[in-house]
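Number of protein chains: 2
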Amino acid sequence: MSNTFTKLVSQLTHSLEQENDHELLISIEKYHPAKLGRLLESLPNKYRDDFWSLIPVNCKGEVLLSVHRELRQFLIKKTSEADLLKCLSTLQMDELADIDADLPLPVVSAMVEAMDSQRKERYRTVASFPDNTAGGMMDVDATAVRKDVSLKAVYRYLCKLRKKEGMLPEQLDQLVVVDRNNKVQGTLYLSDLVSMDNSLSVGDVMKNDVPLIDSLQSASQVAQIFEDHDLISAPVVDENNFLLGRITVDDVIDVLKHNSEQRLLASAGLNEELDMFAPVSHISLNRAIWLGTNLITAFVAAWVIGFFEASIEQLVALAVLMPVVASMGGVTGSQTLTVVTRGIARDLVSSANIVSLTLHELKVSFINGILWAAVVFLITILWYDDWQLGGVFALALFVVSLTGTLSGALIPIVLKKLGVDPAIAGGVILTTITDAVGFLIFLGTATYILI
Amino acid sequence: MSNTFTKLVSQLTHSLEQENDHELLISIEKYHPAKLGRLLESLPNKYRDDFWSLIPVNCKGEVLLSVHRELRQFLIKKTSEADLLKCLSTLQMDELADIDADLPLPVVSAMVEAMDSQRKERYRTVASFPDNTAGGMMDVDATAVRKDVSLKAVYRYLCKLRKKEGMLPEQLDQLVVVDRNNKVQGTLYLSDLVSMDNSLSVGDVMKNDVPLIDSLQSASQVAQIFEDHDLISAPVVDENNFLLGRITVDDVIDVLKHNSEQRLLASAGLNEELDMFAPVSHISLNRAIWLGTNLITAFVAAWVIGFFEASIEQLVALAVLMPVVASMGGVTGSQTLTVVTRGIARDLVSSANIVSLTLHELKVSFINGILWAAVVFLITILWYDDWQLGGVFALALFVVSLTGTLSGALIPIVLKKLGVDPAIAGGVILTTITDAVGFLIFLGTATYILI
Numbered sequence: 001m002s003n004t005f006t007k008l009v010s011q012l013t014h015s016l017e018q019e020n021d022h023e024l025l026i027s028i029e030k031y032h033p034a035k036l037g038r039l040l041e042s043l044p045n046k047y048r049d050d051f052w053s054l055i056p057v058n059c060k061g062e063v064l065l066s067v068h069r070e071l072r073q074f075l076i077k078k079t080s081e082a083d084l085l086k087c088l089s090t091l092q093m094d095e096l097a098d099i100d101a102d103l104p105l106p107v108v109s110a111m112v113e114a115m116d117s118q119r120k121e122r123y124r125t126v127a128s129f130p131d132n133t134a135g136g137m138m139d140v141d142a143t144a145v146r147k148d149v150s151l152k153a154v155y156r157y158l159c160k161l162r163k164k165e166g167m168l169p170e171q172l173d174q175l176v177v178v179d180r181n182n183k184v185q186g187t188l189y190l191s192d193l194v195s196m197d198n199s200l201s202v203g204d205v206m207k208n209d210v211p212l213i214d215s216l217q218s219a220s221q222v223a224q225i226f227e228d229h230d231l232i233s234a235p236v237v238d239e240n241n242f243l244l245g246r247i248t249v250d251d252v253i254d255v256l257k258h259n260s261e262q263r264l265l266a267s268a269g270l271n272e273e274l275d276m277f278a279p280v281s282h283i284s285l286n287r288a289i290w291l292g293t294n295l296i297t298a299f300v301a302a303w304v305i306g307f308f309e310a311s312i313e314q315l316v317a318l319a320v321l322m323p324v325v326a327s328m329g330g331v332t333g334s335q336t337l338t339v340v341t342r343g344i345a346r347d348l349v350s351s352a353n354i355v356s357l358t359l360h361e362l363k364v365s366f367i368n369g370i371l372w373a374a375v376v377f378l379i380t381i382l383w384y385d386d387w388q389l390g391g392v393f394a395l396a397l398f399v400v401s402l403t404g405t406l407s408g409a410l411i412p413i414v415l416k417k418l419g420v421d422p423a424i425a426g427g428v429i430l431t432t433i434t435d436a437v438g439f440l441i442f443l444g445t446a447t448y449i450l451i
Numbered sequence: 001m002s003n004t005f006t007k008l009v010s011q012l013t014h015s016l017e018q019e020n021d022h023e024l025l026i027s028i029e030k031y032h033p034a035k036l037g038r039l040l041e042s043l044p045n046k047y048r049d050d051f052w053s054l055i056p057v058n059c060k061g062e063v064l065l066s067v068h069r070e071l072r073q074f075l076i077k078k079t080s081e082a083d084l085l086k087c088l089s090t091l092q093m094d095e096l097a098d099i100d101a102d103l104p105l106p107v108v109s110a111m112v113e114a115m116d117s118q119r120k121e122r123y124r125t126v127a128s129f130p131d132n133t134a135g136g137m138m139d140v141d142a143t144a145v146r147k148d149v150s151l152k153a154v155y156r157y158l159c160k161l162r163k164k165e166g167m168l169p170e171q172l173d174q175l176v177v178v179d180r181n182n183k184v185q186g187t188l189y190l191s192d193l194v195s196m197d198n199s200l201s202v203g204d205v206m207k208n209d210v211p212l213i214d215s216l217q218s219a220s221q222v223a224q225i226f227e228d229h230d231l232i233s234a235p236v237v238d239e240n241n242f243l244l245g246r247i248t249v250d251d252v253i254d255v256l257k258h259n260s261e262q263r264l265l266a267s268a269g270l271n272e273e274l275d276m277f278a279p280v281s282h283i284s285l286n287r288a289i290w291l292g293t294n295l296i297t298a299f300v301a302a303w304v305i306g307f308f309e310a311s312i313e314q315l316v317a318l319a320v321l322m323p324v325v326a327s328m329g330g331v332t333g334s335q336t337l338t339v340v341t342r343g344i345a346r347d348l349v350s351s352a353n354i355v356s357l358t359l360h361e362l363k364v365s366f367i368n369g370i371l372w373a374a375v376v377f378l379i380t381i382l383w384y385d386d387w388q389l390g391g392v393f394a395l396a397l398f399v400v401s402l403t404g405t406l407s408g409a410l411i412p413i414v415l416k417k418l419g420v421d422p423a424i425a426g427g428v429i430l431t432t433i434t435d436a437v438g439f440l441i442f443l444g445t446a447t448y449i450l451i
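Same order as they appear, the protein sequences are chains A and B.
In terms of the UniProt record's numbering, the first sequence opens at residue 1 and continues consecutively.
In terms of the UniProt record's numbering, the second sequence opens at residue 1 and continues consecutively.
Accuracy of the hints is not assured; some may be wrong.
Where chains are identical, the list cannot tell them apart; a pair therefore holds if satisfied intra-copy or between any two copies.
As the list claims (entries may be wrong) - The calculated EDC-like cross-link candidates involving lysine to aspartate or glutamate, where the alpha carbons are at most 20 Å apart (straight line), are:
(1) K257 <-> E227
(2) K363 <-> E70
(3) K152 <-> D197
(4) K7 <-> D228
(5) K257 <-> D230
(6) K30 <-> E227
(7) K30 <-> D230
(8) K257 <-> D228
(9) K152 <-> D192
(10) K257 <-> E41
(11) K160 <-> D254
(12) K30 <-> D50
(13) K78 <-> D131
(14) K35 <-> D50
(15) K160 <-> D204
(16) K363 <-> D275
(17) K363 <-> E170
(18) K86 <-> E165
(19) K160 <-> E170
(20) K363 <-> D250
(21) K30 <-> D209
(22) K30 <-> E41
(23) K163 <-> D197
(24) K207 <-> E165
(25) K30 <-> D228
(26) K163 <-> D204
(27) K35 <-> D250
No lab work stands behind these hints: they were computed from the structure.
Work out the full structure: start from the sequences and follow the hints.
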């Protein structure tokens, strides 16, 4: 598939260069909106405008939804308000609520104005929750039935609903069973509905094993519940278990993808919402913050080295070998940091086991510290024919390995307590510590013993 | 939830220390197997044995499935063959095929022996595909119906199937429609089944919009298809479109989680399958490879510095400032590397747009290079009162920024062509280049101009 997609992007770029709209239209019609979204993300800025204008209006809403924020804002700017309203009419309530912050205000007002009173109310319910909560993720069109009706009556209701709405909600695997006050009592799986005697009542067949999602739970918590229970959909309720809506597994997949991307990009100080082909000035500014932070930490290391200028002048081999010490400390530390940060993200590491885990990591680092200290000792003797220098080098490497591991285990725990995401700040703090400690131990011991 | 889980681990550890089995049993019964699996992963080795023995046998199969490989092998070793057979009896075919490589051979043989001939054949079908293909992921119990029967007959068939098997397959959102040769013709959604006139035939109601999954497609490709089309399940077919089985969205979520974990851990040279509390010797060996690789690259940098020992002896400030140059080059490069690697993983970057993207990144790095070169120029003048040194420092920082960006863009493309995963090797290669080039440019220019 990968190669096919790559070919497709080449073909598209070619057609766009040739302004061969006819061929483009034929390809566009074949593709799913999510794929069109990825194609748009792959195209350099100069082609996006043309490509966007060729996408049929009934697809554009879903394409807008599938691309990342910066590109979405770009495409929205390129679309007239009247066209935007047409694009948006194909989206569900929760989808609208996801992108409304990027829409021009007059469009949002016009869109809400055009809704009937029921839809208006539903839209306001979803829009009242933050995007990254269950309330913000949910679809308000949960199909609910009563406990005391027969399965036959449920069929009749579903047929009627289908005629009225044109279709049943997507990813419908179960109906929510509620009492007359809209309080959730259980769920009726479609697979039970289609395989049980239809004279039974909903109460006879309904299940209680689906967890109810609290509207204020975070998106990541919702994803964990879906994962643990292999859910396709689940009802969202308020604090009194009154039905507010439902969340479907496609929303959960979006959350998982988003979290995984964010972790990956955060470790390089990047912002997920930023488009690959965003204006150079945007990207430069965004990255400058990270580079500036790194420059400060690099100067901390330089400042430590500065104390030992006299020693380096006398024994210049110190300058040659010192980056090796810092680098090994950084790598050892980052391995522990990654294990602990991942453990925290997956709820596997907590105050209950951090001491055991840190000791375990220190044992590992003790063994590897001794191993690589021995290796650099030998290399130094071969290179400089100086066993004292080799000894100092080996000792510093061993100490910085343990320091790195200890920092790698404690930094994420401390950051977590401070409410900072360890995935973002952990690496920088760790490198600052291992660099500073590495240079200090190596140059300090060398000054004391060798000079 | 995070706090609750942390508390739970504390309580469990406490109960295990006190050997308070009664209290433990009460908590264990409340939890879903996936949660029990995560609890086991959180517990240090010494408690795992006791905790495992308290888990009811009918849960153990799913717990085994949910934990990572190393822990699974540990738990399997702690379980008698007779008990293992009992645990496994609750699992589906595709689940069995996922873990059979970790089971003792006699258990696998006994398990296959105990199956009826139909199950035996199904198991062999799944086991014949590699784990990371659609064939290895699929469940062989796809429920199929014929085109020419009425919806009423489908109901009767499902009721009968339920009576025979005790339940319908999990995550059943659609039935596969096949012809008499088992060739797939479309699918029948349960939501259509329950909302259409039941005198219609399957052929009238079935849909053709569900993509068929080729049994040889990779797990990641399958995940992409599910994501693009918001699928809950999809039929798996062979090269002639004959039905082999079905894949459900819970398997896809597992793939997404697995890929995301792997990317995160790979960047620190770690192996996902390795347990946090695995034996120290295992972990040490696993990490030693990465540390050894890093040691080689660090010595490449040291070797470059070694050429300039005479210059450093004359102007020791060079030793103080050189780590700053290397570090800024590394960070600039890693930002581009992350953008391009992620773009490749998401199929957004290919030969069609890599030139545009590299130029775009170089512009960004040009701006940031100038900015931070100016900053270090000023800092050097303040620190060393030496504008020539400042100029050399600034120039080196600017050149290494561009080198980092260029390497960050090209390394993943080259690795991809060589069939190496850029997420694993990219970072090390990049750092080697930026370190070596950084030291070479800085010390080389300094030697030429200043000394």
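Exercise. Between K7 and D228, at a C-alpha cutoff of 20 Å, which is it: within one copy, between copies, both, or neither?
Worked result: Between copies, since 18 Å is at most 20 Å while 39 Å is not.
Problem set entry | 20 Å Cα threshold - placement of D50 relative to K35 | within (17 Å within a copy, 50 Å between copies)
Exercise. Within a copy, between copies, both or neither: where do K160 and D254 come within 20 Å Cα-Cα?
Worked result: neither (32 Å within a copy, 37 Å between copies)
Exercise. Quick one: K30 to E41, C-alpha cut-off 20 Å, is that within a copy, between copies, both, or neither?
Worked result: within (18 Å within a copy, 46 Å between copies)
Exercise. At most 20 Å between C-alpha atoms: does K86 with E165 qualify within a copy, between copies, both, or neither?
Worked result: within (18 Å within a copy, 48 Å between copies)
Exercise. Is it within a copy, between copies, both, or neither that the alpha carbon of K363 lies no farther than 20 Å from that of E70?
Worked result: For K363 and E70, the Cα distance is within 20 Å only across copies (19 Å; inside one copy 46 Å).
For this session: Using 20 Å as the alpha carbon limit, work out where K207 and E165 are close: within a copy, between copies, both or neither.
Result: between (27 Å within a copy, 19 Å between copies)
Exercise. What label fits K257 with D228 when the C-alpha limit is 20 Å: within, between, both, or neither?
Worked result: both (17 Å within a copy, 12 Å between copies)
Exercise. Checking K163 and D204: alpha-carbon separation at most 20 Å within a copy, between copies, both or neither?
Worked result: Only across copies: K163 and D204 sit 17 Å apart there, 27 Å inside one copy, limit 20 Å.
For this session: Pop the pair K35 and D250 into one bin, within, between, both or neither, using alpha-carbon distances up to 20 Å.
Result: For K35 and D250, the Cα distance is within 20 Å only inside one copy (16 Å; across copies 22 Å).
Exercise. From the Cα coordinates, with 20 Å as the cut-off, is the pair K163 and D197 best called within, between, both, or neither?
Worked result: between (24 Å within a copy, 11 Å between copies)
Exercise. Taking 20 Å as the upper bound on the Cα-Cα distance, should K152 and D192 be classified as within, between, both, or neither?
Worked result: both (13 Å within a copy, 15 Å between copies)
Consistency note: the structure conflicts with the earlier hints numbered 11, 13, 17, 20.
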